[in-house]
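**Student:** Protein chains in written order, with the working numbering: chain P, 12 to 249; chain C, 12 to 249; chain Z, 12 to 249; chain G, 12 to 249; chain X, 12 to 249; chain R, 12 to 249.
There could be a bad hint or two in this list.
Same chains, same label: a pair holds when it works inside one copy or across any pair of copies.
Calculated lysine to aspartate or glutamate pairs in the DMTMM-like style (CA-CA distance at most 25 Å, straight line) [claimed, not checked]:
(1) Lys238 x Glu200
(2) Lys238 x Asp176
(3) Lys165 x Asp230
(4) Lys165 x Glu200
(5) Lys238 x Glu30
(6) Lys165 x Glu44
(7) Lys165 x Asp79
(8) Lys238 x Asp153
(9) Lys238 x Asp158
(10) Lys238 x Asp23
Simulated from the structure, these hints should not be mistaken for laboratory data.
Number of protein chains: 6
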Amino acid sequence: MLIKVINPNTTDAMTATIESSARAAAGPGTLIEAITPVMGPASIESHYDEALSVPGLLHTITSTEPADAYVIACFGDPGLDAAREIAPGPVIGIAEAAMHLAMMLGRGFSVITTLSRTRGRAWDLAARYCPPRACLGVHATDIPVLDLSPSSLKSVVALARHALDHDGSDAIVLGCAGMADLCAAATAELGVPVIDGVAAAVGLAETLVRLGLSTSTRDEYAFPPPKTYRGPLAGFAR
Amino acid sequence: MLIKVINPNTTDAMTATIESSARAAAGPGTLIEAITPVMGPASIESHYDEALSVPGLLHTITSTEPADAYVIACFGDPGLDAAREIAPGPVIGIAEAAMHLAMMLGRGFSVITTLSRTRGRAWDLAARYCPPRACLGVHATDIPVLDLSPSSLKSVVALARHALDHDGSDAIVLGCAGMADLCAAATAELGVPVIDGVAAAVGLAETLVRLGLSTSTRDEYAFPPPKTYRGPLAGFAR
Amino acid sequence: MLIKVINPNTTDAMTATIESSARAAAGPGTLIEAITPVMGPASIESHYDEALSVPGLLHTITSTEPADAYVIACFGDPGLDAAREIAPGPVIGIAEAAMHLAMMLGRGFSVITTLSRTRGRAWDLAARYCPPRACLGVHATDIPVLDLSPSSLKSVVALARHALDHDGSDAIVLGCAGMADLCAAATAELGVPVIDGVAAAVGLAETLVRLGLSTSTRDEYAFPPPKTYRGPLAGFAR
Amino acid sequence: MLIKVINPNTTDAMTATIESSARAAAGPGTLIEAITPVMGPASIESHYDEALSVPGLLHTITSTEPADAYVIACFGDPGLDAAREIAPGPVIGIAEAAMHLAMMLGRGFSVITTLSRTRGRAWDLAARYCPPRACLGVHATDIPVLDLSPSSLKSVVALARHALDHDGSDAIVLGCAGMADLCAAATAELGVPVIDGVAAAVGLAETLVRLGLSTSTRDEYAFPPPKTYRGPLAGFAR
Amino acid sequence: MLIKVINPNTTDAMTATIESSARAAAGPGTLIEAITPVMGPASIESHYDEALSVPGLLHTITSTEPADAYVIACFGDPGLDAAREIAPGPVIGIAEAAMHLAMMLGRGFSVITTLSRTRGRAWDLAARYCPPRACLGVHATDIPVLDLSPSSLKSVVALARHALDHDGSDAIVLGCAGMADLCAAATAELGVPVIDGVAAAVGLAETLVRLGLSTSTRDEYAFPPPKTYRGPLAGFAR
Amino acid sequence: MLIKVINPNTTDAMTATIESSARAAAGPGTLIEAITPVMGPASIESHYDEALSVPGLLHTITSTEPADAYVIACFGDPGLDAAREIAPGPVIGIAEAAMHLAMMLGRGFSVITTLSRTRGRAWDLAARYCPPRACLGVHATDIPVLDLSPSSLKSVVALARHALDHDGSDAIVLGCAGMADLCAAATAELGVPVIDGVAAAVGLAETLVRLGLSTSTRDEYAFPPPKTYRGPLAGFAR
């Protein structure tokens, strides 16, 4: 099967990191194609960036060959509802994926994110996907997305330790696709489940495809009604 | 004071309806400017349309002279978080406005919306703005947005009557900016508060401006960090 | 339009403070009449005081000329449901008003209140008006209501700073009508939205009146069924 | 032990019904004193009535000899928080009592109340005392409080049967103290637990007294701070 | 009336402690029989122990003479739903009992438990029995169940003091049946209501029996459908 | 990898159905071993049955060779917490699995279950795993578990159609492992996602194993403290 993993930001190096994590997670017979959109922000660190990453994400889905499933590889799950309407297969967000898996691994999880301004979005997503008291805390390293690197491990691990103690959590969710390559080392250091949403989403996408499950087309997520689009977005008319 | 009321779709006739409702609601000394974006969908009837209305909305805010406050005149409140980061004054969504006012007028409200596929979005917004049991039902007329007209009154009123009885609600929220011109007649027929979000948002925007209140710039809603944007969206870099 | 702002306690000096804040918030053409009831407690610092402030509040509404709207200027929103049944126009509580506006200004708010024993009431009201995680904390200065003065600013600001940091909030709600005159100075010091419920309620009341909206008379908030009242309260029979 | 059961309305015949139910529920050695306040409404059928029943209730507590525990025998639980501050023993509301017992008897309960306008209050109390989905429905017979009589049984039973089927509930809570004398017959007809709050509250009050438990005096429910009261309520100053 | 108090663990000394607390709580005319099951774990300190305490609990109910009511004397409320299906009278768990009483005594309670690994179960039960913000904290002494003794008082009281301050609670729930004999002394030291679930459950059981209330047999809690059981559990077939 | 799929009831024919569904769902390289416990009820149709299925489930885990992951193939997710403490790999319940996948496929799901008395358990699990309004309804076919057969398809499909219309849902969760073999046909008839928990759990288990994730051993789900077990359960001592 083919899973397209779309990095909603336009930084190719980050797409490479995501691809590497996605491929490591994929089972035998699964092809991973990681894609950088042709338009949008270099990184997503605000609601503004997130909103403006969605056209590129949607364009990527509609302008390329169909895949069996799609992963949106940004922890804000940008454009998830819209993508579900137009994609020919199931669509999984990495926050969604990480939180669902985390709920099966313990009492409650803490999220380690990048800038403190993104914590609100993580709480919103936890409210969308989880019952109360599944997400027990959201903590920011204050490392900008594009500054994440293997040397960020120390900060992430220290903050995760604080979160486990302070929140009473027993699992860690990495709150940025750019942390995917820190997952193994963080797991080794922390001794609790550490969940990278990219890997989690690939696994969930494979499961849905294997079970023949895709987004319901009854009512809300049916293909959008046709209409004209104006201006620079005219090409988005379906 | 100047309030910009942005119609996130690109249908000028609908902008005119919105402008009329907004002006009728405005107090003395308030200037209303209703604006149609230069890009985006002719109407918003799916998550896809909604996501793709946001660039035009944001462009409208950043490419024109500052206003004292902004109203987003689509019941899905598209781009609300993003707009708050970049607008020089407070930003109010019409679903948000209608729901807040409705909560002060009775036990609980029902929403009358357009296509049934948009009901999920209304429930999501109710969960974001309200405690449980404030929104008691969401009902669809199944009239497409651009087909709304004065002759839609009969359908809207009949459905609202059903909603009041079935949901045990005592107020009606009109779930589309295109219903703004039905509000007075529906009120007269139903005998309960009927809330048009456009008028509600104008009132709330005036209040915030008069009180000197605007979006908090502490952390989450501060101006977005600068970065490059790629492709057709390059001009959105702040 | 005429808005009656009722101070449910019987301290005239506090009514004067409230009136001043209300008038500063009112738009052109709005008349503010602040009223002290003829019966009730000198201040409201317990559930007992709050319950016993309600007869005076209701008497004020029914024994004076009708207004276009009413504001209940105590942060416990005493008698709000009852007042809605008998008032000839919409009724707004100041906690309700402040919380609704705060939800449009950021991620979440903290409440700064007077005595620590009143914190529970603030949490109850947040549960009534807001979704989870809108109110992120309630903190007490432990200054009695009638001891509030311009010199309380320092305590209020210090506690608000602590609340913003500790709760992760980005707006402050002043939890007592007697703090209304501290709002401008606290705003200047804190750099985040500081919301005085008196001003907020006046703005919301104006909006409702201008839009022709008042409490639903369908079922729950219809005028009370007539009946006899016994003893010193006999005059309350409607 | 002595339990004072206060009927917050001023109809002596209803106090007699309440007393009878309370005595039947009391264990050996428990003295029940049912009391009609000297002031207040003849029945409680609106928020207005409920608010104005509270002074009489509080006066009853403070103007008579102390009891070991107090029951507030109106399903709206009027003045419960205030009574807890001033009563020398624990205070139980009958809605509270009935709902707590109902939660130990099955999956979920339906409330059968009097006028439809009182349903909102029942929902509010369920939200205060219960987790979601404990109260599964609230239904009104539309029999005024003072018209309740043994002949109301048929209506109550028919509505309860509808509620059990429609709500998927498996227990019935009687939503008015005036229904206390219907409890045994309704139980016999319905074959499910039918809970009269008066009896429930007496049982809970006995339990609290026997265990030496009373309202916490730490902070919120401590005795109210002293202050002057003005006008006809001057005598309420503590 | 006869109340059987079943200690779901198999340590006779703990049954004796429980019996003593239960008898002290019982009213005149109530017989308490405390029982140790013939099978199961010596103490309950994990989900594994809890699950394996249930067969012994159920066997105790079905293999002995009927009682008027049953108490499950372990704070995890093991087997509560199952016991309700087969017991000839009402069944009360001690966590359930303690939490219901605590909600009538103040703003919110903190639970003091044994091992930290049991805190999650306490939160789950609070979510089952209570609305949000009734349980304000769960704290572990880290004393194993069978090490509890009168000398544990100091630890329990110190932790309770911390909980009251840190959680803003005003009542304490003892989170283990083995703490029953600490209740009086802890109450004396703390000056707030301290609730022992064993005593609370006895009181509630007496109330239910006196009111003629037992588990609903409509649908969910009806006697289980008959069927065969295999292997060592064959004797459990009903 | 080896996944053990444990049927908590003791009916071998049902284990065969489960095994077949599990194998069809498994990816390349995954070995499925479906197991019937040596003790326990022939089917699980009550809380009593469910509680008594847990010893056999736990015994199955501890008495056989370790697997890479475990699936509990009964829609009540019996013994899930206990199994997580003792299993050497991750453990997934089929209700949990089905609900998590359903949340990624649409607006909300309805559950189709067997006996009406099991509906309460489904609601409890939805509250444990999902945010409000994810599970929109639970409906019973009233077919006993062991009477499920291919000929049950018609009833299941008819009830599912009713559920989709009545609940406003857009996906169906099959509420019994014994319905696993109806999934493909029901999907074909209904045209919406139909989720069999057995298949879903196998997919999730594979994902967790591939990602190296297992239950957190920090605190709550660590291996249980050692202790003696009495009587017929003595062999359960760890």
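**Student:** If a hint holds in the structure, say so; if it doesn't, say that too.
**Tutor:** Quick rundown of the hints versus the structure:
1. Lys238 x Glu200: This pair counts as neither: shortest intra-copy Cα distance 53 Å, inter-copy 31 Å.
2. Lys238 x Asp176: Neither: 52 Å inside a chain and 28 Å across chains, both beyond 25 Å.
3. Lys165 x Asp230: Between copies, since 24 Å is at most 25 Å while 47 Å is not.
4. Lys165 x Glu200: Classified as within: same-chain Cα gap 10 Å, cross-chain 36 Å, threshold 25 Å.
5. Lys238 x Glu30: between (35 Å within a copy, 23 Å between copies)
6. Lys165 x Glu44: neither (30 Å within a copy, 41 Å between copies)
7. Lys165 x Asp79: neither (37 Å within a copy, 31 Å between copies)
8. Lys238 x Asp153: Classified as between: cross-chain Cα gap 17 Å, same-chain 42 Å, threshold 25 Å.
9. Lys238 x Asp158: between (41 Å within a copy, 13 Å between copies)
10. Lys238 x Asp23: between (33 Å within a copy, 15 Å between copies)
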